[in-house]
Each structure stands twice: as C-alpha cells, then as structure tokens.
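K.L.:
Going down the list, the sequences are from chains R and V. Residue numbers are given in the numbering used here: position 91 of the first sequence equals residue 91, and the series is strictly consecutive. Residue numbers are given in the numbering used here: position 125 of the second sequence equals residue 223, and the series is strictly consecutive.
Keep in mind the hints are simulated off the structure, nothing from the lab. Glycine included, each C-beta is placed from N, C-alpha and C at the ideal position. Wrong hints could be hidden among the right ones.
[Stated by the list, open to error] Straight-line alpha carbon distances no greater than 35 Å define the calculated DSBU-like cross-link-like pairs of lysine-lysine that follow:
(1) Lys-386(V) - Lys-149(V)
(2) Lys-460(V) - Lys-371(V)
(3) Lys-272(V) - Lys-45(R)
(4) Lys-371(V) - Lys-383(V)
(5) Lys-241(V) - Lys-460(V)
(6) Lys-107(V) - Lys-191(V)
(7) Lys-45(R) - Lys-255(V)
(8) Lys-255(V) - Lys-460(V)
(9) Lys-383(V) - Lys-191(V)
(10) Lys-191(V) - Lys-45(R)
(11) Lys-191(V) - Lys-371(V)
(12) Lys-107(V) - Lys-255(V)
(13) Lys-371(V) - Lys-255(V)
(14) Lys-386(V) - Lys-45(R)
(15) Lys-45(R) - Lys-383(V)
(16) Lys-45(R) - Lys-149(V)
(17) Lys-191(V) - Lys-255(V)
(18) Lys-107(V) - Lys-383(V)
(19) Lys-45(R) - Lys-371(V)
(20) Lys-241(V) - Lys-191(V)
(21) Lys-255(V) - Lys-149(V)
(22) Lys-255(V) - Lys-241(V)
(23) Lys-45(R) - Lys-107(V)
(24) Lys-386(V) - Lys-255(V)
[As the list claims (entries may be wrong)] Restraint ranges, calculated between C-beta atoms of paired labels, are given here:
(25) Glu-94(R) - Asp-223(V): 40 to 50 Å
(26) Glu-94(R) - Gly-234(V): 49 to 59 Å
(27) Gln-186(V) - Asn-90(R): 18 to 28 Å
(28) Gly-252(V) - Gly-72(R): 44 to 54 Å
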Amino acid sequence: MKTTDAATQTLLATRLALHPRVALRPEPFGALAYHYDTRRLVFLKHPDVVAVVRELGSHPTVAAALDACGIGEQRQPAFVQALRSLVESNIVMEAATS
Amino acid sequence: MTLLVDQLKRGLDAPICLTWELTYACNLECVHCLSSSGRRDPDELTTAEAKHVLDQLRDLQVFYINLGGGEPMIRRDFFEIVEYSIAQGIGVKFSTNGAFIDAAKARRLAALEYLDIQISLDGTDAATNDAVRGDGSYATAIKAMDHLRDAGFGPFKISVVVTRHNVDQLDEFKALADGYGAQLRVTRLRPSGRGVDSWHDLHPTNAQQLQIYRWLLAHGDNVLTGDSFFHLNALGDEPLPGLNLCGAGRVVCLIDPIGDVYACPFVIHDEFKAGNLRDEGGFAKIWKHSTLFAELREPQSAGACASCGQFDACQGGCMAAKFFTGLPLDGPDPECVSGDGELALAGVAAESVPRPLGDHSKPPRATPVSFTRK
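Construct all of the structure, not just a fragment, from the sequences and the given hints.
P.N.:
See the structure below:
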C-alpha cells in the first residue's frame, strides 16, 4: 500500500459536501461551479471530479465518496489535492457528521 | 496552451459572461461609448419579452448576467427585471453612471441579494472624467457612490476604461476604491461604438501599455480587468491573471436592447450578429447553432502573427479592436506591443474602416433661439 501523509488521511476521514450556495453546470470538460456568495467561478476539469463533488454530501467520509465513485487507491492523492483546493475556494465545505 | 483554455475556445454549453444592454437610452453621451448610446430604440424588448429571455437563461443555467446600456436604470421596469432575474437564480451585475441612484434607490439596491453594481468613472478628478463622460458626470458618480456607501450596499465596483489621459491615475483610482471599501475594475478601451472616432486620441501609448502591464501585475487579483488586457502578455514572461483568450461567441456574448445577439459587447456590426431573440428557438438556438458562433469556435488562424514568438502570449489580441480599425482579423492587434499594429494601421485607408451598426447618439441641439418679449 502507498503511504499517505497524515493530512491526506485526515481529509479522507472528513465528511465534506458541496456548499449550499454553489451551483454546478455540466460542461464538455466537466463542470463549472459558481459560488453565489463569493461570485467565484471554478472549473471542475474532469467528469470524475464532478461525480465525486456531487456524491460527497451523501457519504460519511471523503473515502467513502471516492469508493462509491469507483476511484481506486492509486487515484486518491490526486482527488484529495483537488478537494483541498475546492475547500480552499469554499466550493466544498466540511459538513456536520450525522 | 492548457487543456482548459483549449476547451473554452471550443465553446461552452452556455455563456459564462453574458452582457445584456437593456436600453440604448442614456442621460450621458460618453465619447467612447461602445454602443453609441443616447436615444432609446422604439423596438426595445418589452418587460414580458425580457422576462421570457430570463426564463431561457435560467434553463441554460447562466449563473449571472451583466446588465448595461445605455443607462439601464432609465428603464421604468429596471427593478422589475433585476428582481425577476434574481428570483430565477441568475445573479445580476449592472453598469451605471449613477445618475439614478439616490438615497432611496441605494437602500433598495442594498436590500437585494446576488446583485453587484459597477459605477463607471474615467478620471479621479472632474476635468479628466468629464472630458470623456460629459459635464457633471464625475460629481454624479461620486454622489451615487456616497449613497451606496451610506446605504451599506457593501463592496460595489468602480469601473474604469483606461485611456492615455487617466493611466497616470491608476494609483489614485485604487485609493478612491479602497476609501469606499469598493473594488476597482479597469478595462481596455476599444474602438467600438462612438469609440471608433475617439479611440485614436484616447488609447494608451505604447510606453503607457508597459506601465499598465506592470501596474496590473503588481496588483494581481485585487484589481478586476474582465481579462481584457491579455494582449499585454507579450510584454513579459509573467502572464496577467485571468484567462488568456478572446471569449467572443465562445464564453461571452452580447444581447442588445432590441434582442440582437452579437459575439461580444464590442462588435455591434452585422458581421458579428448571430441572430435575434425574437426568432424561433430563442437564445439557446443562437448560442448552440448559429453559424457565426460555430465559426468562432473553430481553431483560428494566427495569420500574419504566426511567425511571431509572442503569439502564444497575446493570442493576436482583440477581434473588435482589429475590426473597427480596419485591420485583418488574422493579423496584429492595433495595440500590438511589438509595434506591428501601429505599422499596419498606417496602411489602412480611412474609407475602408467599418462603421458600427447603429448610431443612437442624440441629434445635435439646435442653436438656442432668443425670444424677445413684446
């Protein structure tokens, strides 16, 4: 198994969700995400990223959402990085654990 | 070129940035007005038609629209249109000269969500501003900004068209914006509308272009530009923030007051008209199937610029700037930083320069007649 750093493990165990003020619009390259509060437009540049972002809210952890979307362990680091930048731009946010 | 930019050039399912000039009527007559505004066109879209357009944009998931004119607040149904748009989940940003923002309107605007306001200002003093925008327009804009601040609107935008006469005021514009808690937006002057005649006297000199490039680099994301200065990227290794591409017909388009759809706000001319909203199929059909937009989404030839090492940086510049100065679209921008545009301009015969489509300027006022009381 590939070793992953602590920060990655933490994120994988977090529950994330699409920010309620964000709209996703499907596009040939993936989707456009528009944040109505910050007025920021973010490009989700891969259909798999879009699928994961849409799924996040229905799973208890990021790892579970990735699993549900069929993202294998090898691709996890890339997705963790993408999700981190989406958290930073507030497109995705930490959600209350249910 | 990045994959994303490549994909954006092939067009999106709906525009990102849609400008809608609500009216050609305006209380001002700025010498560089991109839509030659002044008088209302009697064929303007009605309130019902405007709402129908908004329904179509909602179905296409257009996130926000940029309303302008003319002066959009002149329309009696201005608030009705804005409120309807917001209710459809379409955010609104509108450009205004501020003449119709009094204390009460400022409070009404402040109460709306998903609303941004851009106050146009082209000088940090009355003399510089009013030379371009007309007598009293500086005082009008400042008063509107005061009202917005007092109403607690929050960070509105101050929108500046950079000319050779205000380029030295960029720091002062920034300070002015900061003083209001506002955001500064600076954009490139195009030879569109009435600008076709004033551009030669107003556009920045080549030395000033370097000044603008350095200033924009120094201020990064803190100053908005509508990504309009990408032709300056040929000046250095560091690109300006934003998408380095012409979005006309690909991610951007213009709806004019009578429902004509153009590739961008700066090309009001038959050659760049994609259709009319009143035609069967409406906006979606135009955006997805018009011949013009399909052509613009094809790979564009670098033409005369193909042998220039800077083409990747500047992308050949702005289509509108070339068109309305009589230059070929596959050649250098008239403000090409290598000076190639200037050379090309010298060879353009005045009568071969295309004229913008409609002139909505008010007729010149008759000489005042003096009445003698009997």
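K.L.:
Confirm or reject each hint.
P.N.:
How the hints compare with the structure:
no.: 1; hint: Lys-386(V) - Lys-149(V); in the structure: holds (21 Å)
no.: 2; hint: Lys-460(V) - Lys-371(V); in the structure: holds (24 Å)
no.: 3; hint: Lys-272(V) - Lys-45(R); in the structure: holds (34 Å)
no.: 4; hint: Lys-371(V) - Lys-383(V); in the structure: holds (14 Å)
no.: 5; hint: Lys-241(V) - Lys-460(V); in the structure: holds (25 Å)
no.: 6; hint: Lys-107(V) - Lys-191(V); in the structure: holds (24 Å)
no.: 7; hint: Lys-45(R) - Lys-255(V); in the structure: holds (30 Å)
no.: 8; hint: Lys-255(V) - Lys-460(V); in the structure: holds (28 Å)
no.: 9; hint: Lys-383(V) - Lys-191(V); in the structure: holds (25 Å)
no.: 10; hint: Lys-191(V) - Lys-45(R); in the structure: holds (26 Å)
no.: 11; hint: Lys-191(V) - Lys-371(V); in the structure: holds (24 Å)
no.: 12; hint: Lys-107(V) - Lys-255(V); in the structure: holds (28 Å)
no.: 13; hint: Lys-371(V) - Lys-255(V); in the structure: holds (30 Å)
no.: 14; hint: Lys-386(V) - Lys-45(R); in the structure: holds (21 Å)
no.: 15; hint: Lys-45(R) - Lys-383(V); in the structure: holds (26 Å)
no.: 16; hint: Lys-45(R) - Lys-149(V); in the structure: holds (33 Å)
no.: 17; hint: Lys-191(V) - Lys-255(V); in the structure: holds (10 Å)
no.: 18; hint: Lys-107(V) - Lys-383(V); in the structure: holds (19 Å)
no.: 19; hint: Lys-45(R) - Lys-371(V); in the structure: holds (31 Å)
no.: 20; hint: Lys-241(V) - Lys-191(V); in the structure: holds (20 Å)
no.: 21; hint: Lys-255(V) - Lys-149(V); in the structure: holds (26 Å)
no.: 22; hint: Lys-255(V) - Lys-241(V); in the structure: holds (14 Å)
no.: 23; hint: Lys-45(R) - Lys-107(V); in the structure: holds (15 Å)
no.: 24; hint: Lys-386(V) - Lys-255(V); in the structure: holds (32 Å)
no.: 25; hint: Glu-94(R) - Asp-223(V): 40 to 50 Å; in the structure: holds (49 Å)
no.: 26; hint: Glu-94(R) - Gly-234(V): 49 to 59 Å; in the structure: holds (52 Å)
no.: 27; hint: Gln-186(V) - Asn-90(R): 18 to 28 Å; in the structure: holds (23 Å)
no.: 28; hint: Gly-252(V) - Gly-72(R): 44 to 54 Å; in the structure: holds (45 Å)
Violated hints: none; the structure is consistent with every hint.
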